[in-house]
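Engineer: Protein chains in written order, with my numbering: chain A, 1 to 180; chain B, 1 to 186; chain C, 1 to 450.
One should not assume that every hint holds.
Stated by the list, open to error - Each pair of labels, with its calculated beta carbon distance range:
#1 B:E157 with A:G20: 53 to 59 Å
#2 B:W86 with A:Q164: 42 to 48 Å
#3 B:R164 with C:P328: 34 to 40 Å
#4 C:A107 with B:R102: 43 to 49 Å
#5 C:F329 with A:G96: 43 to 49 Å
#6 A:S168 with B:R102: 55 to 61 Å
#7 B:Q44 with C:A83: 37 to 43 Å
#8 B:Q44 with C:P295: 51 to 57 Å
#9 B:W86 with A:G20: 45 to 51 Å
#10 A:G20 with C:E113: 53 to 59 Å
#11 B:D170 with C:N165: 30 to 36 Å
#12 B:L166 with C:Q196: 46 to 52 Å
#13 C:Q196 with B:E57: 44 to 50 Å
Stated by the list, open to error - Listing some non-contacts, in silico: residues in chain A with all C-beta distances to chain C over 10 Å:
#14 R4
#15 E18
#16 Q22
#17 Q64
#18 A98
#19 A128
#20 R146
#21 A158
#22 G163
#23 W173
#24 F177
#25 G178
Keep in mind the hints are simulated off the structure, nothing from the lab.
Each residue gets a CB set at the ideal place from its N, CA and C atoms; glycine is no exception.
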Amino acid sequence: MSDRAGQACALTVLAPIERGRQDLLRTLLQGLPTGAESPLARAPGTHFARWVVVPQLVYQGPPQKRDELDLAYLMFTSNFDGPLEPYLDALCGPMGEAADAIWGCCIGWPGLGDPASAKAYLLRNRLATSLFVAGYPQARLPEVLRALELRERVTRFAIGAQGQGAESLALAWRQEFGGP
Amino acid sequence: MSNVEGKARAITVLSPVRPGWPLWLHGLFFAGTHLTFSLKKLQQLSFIHYARWAIVERRWPGGDRPRGKRQRYRYLLFESNFNGSWDEYIDAFSEVVPTRIRLIWGSSYGFPGPLPVEPFKAYIRKNELPIDHYYSAYPAATTTEVISALEVARAFESFIARSRGLAGADFKRSYEDFLFEVQHHL
Amino acid sequence: MNPARPLQLENIQGALLRGYRLPLATYLFLTVEAPASARLWLGEMAEEVLTAAPWEAKPDWALNLYVTYAGLGVLGVPESALATFPDDFRAGMAARADLLGDTGASAPEHWEEGIGGPDVHLMVMLSGADRRLTDERRRWLRDSLERAGGLGVLSEQRGGALPGNREHFGYADGFSQPPVEGFEDDRPRPGGGAPQKQGGWRPIRAGEFVLGYPDEEGVSPPEPAPPVLGRDGSYLVFRKLAQDVVGFRAMLDRAMDVYPFSEELLAAKLVGRFRDGTPLDRLPDGPDPSLVADPDRNNDFRYADDPEGLRCPVGAHVRRANPRESMPFQGKLVNRHRILRRGITYGPPLPEGSPEDGQDRGVLFMCFQASIKRQFEFVQAQWFNDGNAFRLGDDKDVLLGDHDGTAKTLIPGRPPTLISPLSRLVSTRGGEYFFCPSIAALRHLSAVGA
Numbered sequence: 001m002s003d004r005a006g007q008a009c010a011l012t013v014l015a016p017i018e019r020g021r022q023d024l025l026r027t028l029l030q031g032l033p034t035g036a037e038s039p040l041a042r043a044p045g046t047h048f049a050r051w052v053v054v055p056q057l058v059y060q061g062p063p064q065k066r067d068e069l070d071l072a073y074l075m076f077t078s079n080f081d082g083p084l085e086p087y088l089d090a091l092c093g094p095m096g097e098a099a100d101a102i103w104g105c106c107i108g109w110p111g112l113g114d115p116a117s118a119k120a121y122l123l124r125n126r127l128a129t130s131l132f133v134a135g136y137p138q139a140r141l142p143e144v145l146r147a148l149e150l151r152e153r154v155t156r157f158a159i160g161a162q163g164q165g166a167e168s169l170a171l172a173w174r175q176e177f178g179g180p
Numbered sequence: 001m002s003n004v005e006g007k008a009r010a011i012t013v014l015s016p017v018r019p020g021w022p023l024w025l026h027g028l029f030f031a032g033t034h035l036t037f038s039l040k041k042l043q044q045l046s047f048i049h050y051a052r053w054a055i056v057e058r059r060w061p062g063g064d065r066p067r068g069k070r071q072r073y074r075y076l077l078f079e080s081n082f083n084g085s086w087d088e089y090i091d092a093f094s095e096v097v098p099t100r101i102r103l104i105w106g107s108s109y110g111f112p113g114p115l116p117v118e119p120f121k122a123y124i125r126k127n128e129l130p131i132d133h134y135y136s137a138y139p140a141a142t143t144t145e146v147i148s149a150l151e152v153a154r155a156f157e158s159f160i161a162r163s164r165g166l167a168g169a170d171f172k173r174s175y176e177d178f179l180f181e182v183q184h185h186l
Numbered sequence: 001m002n003p004a005r006p007l008q009l010e011n012i013q014g015a016l017l018r019g020y021r022l023p024l025a026t027y028l029f030l031t032v033e034a035p036a037s038a039r040l041w042l043g044e045m046a047e048e049v050l051t052a053a054p055w056e057a058k059p060d061w062a063l064n065l066y067v068t069y070a071g072l073g074v075l076g077v078p079e080s081a082l083a084t085f086p087d088d089f090r091a092g093m094a095a096r097a098d099l100l101g102d103t104g105a106s107a108p109e110h111w112e113e114g115i116g117g118p119d120v121h122l123m124v125m126l127s128g129a130d131r132r133l134t135d136e137r138r139r140w141l142r143d144s145l146e147r148a149g150g151l152g153v154l155s156e157q158r159g160g161a162l163p164g165n166r167e168h169f170g171y172a173d174g175f176s177q178p179p180v181e182g183f184e185d186d187r188p189r190p191g192g193g194a195p196q197k198q199g200g201w202r203p204i205r206a207g208e209f210v211l212g213y214p215d216e217e218g219v220s221p222p223e224p225a226p227p228v229l230g231r232d233g234s235y236l237v238f239r240k241l242a243q244d245v246v247g248f249r250a251m252l253d254r255a256m257d258v259y260p261f262s263e264e265l266l267a268a269k270l271v272g273r274f275r276d277g278t279p280l281d282r283l284p285d286g287p288d289p290s291l292v293a294d295p296d297r298n299n300d301f302r303y304a305d306d307p308e309g310l311r312c313p314v315g316a317h318v319r320r321a322n323p324r325e326s327m328p329f330q331g332k333l334v335n336r337h338r339i340l341r342r343g344i345t346y347g348p349p350l351p352e353g354s355p356e357d358g359q360d361r362g363v364l365f366m367c368f369q370a371s372i373k374r375q376f377e378f379v380q381a382q383w384f385n386d387g388n389a390f391r392l393g394d395d396k397d398v399l400l401g402d403h404d405g406t407a408k409t410l411i412p413g414r415p416p417t418l419i420s421p422l423s424r425l426v427s428t429r430g431g432e433y434f435f436c437p438s439i440a441a442l443r444h445l446s447a448v449g450a
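The task is simple: from the sequences and hints, build the whole structure.
Structural biologist: Structure (structure tokens):
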């Protein structure tokens, strides 16, 4: 099984959607705020995540025989900082009402009021075997965010520091980045 | 468009695997993971944040219901977070790692081969799932920007350590070394 | 390697395969008011079009004709055929503004009338060797339009080469064009084509530029229908690009506050060639007129041993336009994004040191390709208006970038030089996507519906 690369982890969950609730689910998903307000932002260590509704399987034509799902499925995938169990604990903790309403459209969802069962539900419905490629497998999310901000600051500093004499340079550096 | 978040782009593709092939895929994934044979070129392409191939077994997860229908086939799920345009992404896959693409998707019904690229794009489009909600923790940063930022952070720590206690011309020289080291990452 | 069938040179318009290097050009943008008369005129003009057939002596004037998607419809091409044309061409340039970085001052709402848009149906390009001849041909052309009736002139754009074949920022241009496989390739000059592993260069497959031939993927991409209309044709991108010469000089001036070397070298670092054309990758220290004058050397470089851009910065203009061996995988990420450029400067030069004179000057940019989206639009959006492909984050090309006042560029070195902020130096004044029909296609269009 490999859903790890370095310390980066991947998780994919497939859960059947209650008959007749697909449209509601889609509406809920498309109405979610994006970016920092997304419910998926609340699970610490999440780099990228998505919800995808799988309404039906696509028939490729002969020689394949038709193969249909009897229910639509909700797919959830997350790329996060491992390990898995603490992440799921965090996911099932503060994810909030919006996420509960979304999972609530799926068959057998115990509700976030019972986080241990919710976690067990996700574990039970996850996909195992995979090949996983990560662009920067060693970097945890806080490190990535700090580094992105630092890069901005160093660039701004470097632009302004050009042509400065040694004394004013050292002073300007200390003002921006602190230090002895 | 739901598969776009800032500069991040998401793609999800599901395709039916021909009987007899899943064992091959399992082996491939095992080899790929433990021998890293397939990963280097993909990483060189440098616009992939994270990409994953997974197999969905014939009985899809049940939620909580009693075991229900068994599907005819296993399915190959591909999902990726990348930068740049969809066309460029598929072009690059086709042109640069066609063998690997064939090894992985060759076992799926309807796969026309990685090259020429137009039929492959049509195949991906046909089997691509629109994304209902996409989240990125750093939508303004591309993969190479993240990698560059991590380099800057590393060099920064190093510079802080070695310039401690330096003053005047010595500090400036050390700073210039730091700048020279990170210039390609700014 | 030869194409599957030889290039039908008598059927392909000359401007597509040849840079005429005639110093004057006039572009008439026409609207069709009466389709029947327009078709007659088109039929007449089709016989005057200069083709790509070999010359005995270089002609001193040339005529070429182009059609927009709207124009095809107005001339009577049926819906079933119109539907076979690609999305990018059908949308037209104004609809692609966000993709192309035509924002702010370059946005379509600020464009000049009559260069693009749904009323522009045809464009005639007249090239000439001297003023007298060009004026005479222009009169002849206008007379023919009057006689025919049914066609209105929406605008006229006039271009003229500057002394030394420089463009308005002062750079000599025109050194690098992709040689087309199967066209005069008995002696392709080093540098324009695709770099080969063993050190040579090969021409680019004809299908990257001309419809109906195998392209770099080895297949003939889909052509518009019917074959007589699509085959041997191409797509033309026309853009009137105004250059802020005073702004450019001021930017150089300000950058000299922090650049430790000469202004000549700084100017070279931004573009990738010294202003006389000496390529930085070959000669990083200074211009060399004898090298520039030698077509076997002035374009023979590949960046392969300078991945860090210490000689020619990775973000320099010509390196962005054609990354050569900067990209990994032996050209696989480059060869399908080449364009054939055929533009000309317009407007009077601004002498060095002069203040802003309010005159309009710049380049009437033209390029040909088999796929607007994969070639022109890709280079514009991914290589000029972004830097991610080169690991430069969102750094844009200094000259063409749609800078919003916060951007920067970095010239590698010890120490590196950072230039910021950057402002827009080139603005789009108008443009359109055209189809460049073959001679047979022009005749077909003149008889459509008959």
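Engineer: Tell me, in ascending order, the numbers of any earlier hints that this structure violates.
Structural biologist: Hints 8, 9, 11, 21, 22 are the ones this structure does not satisfy, whereas the remaining hints hold.
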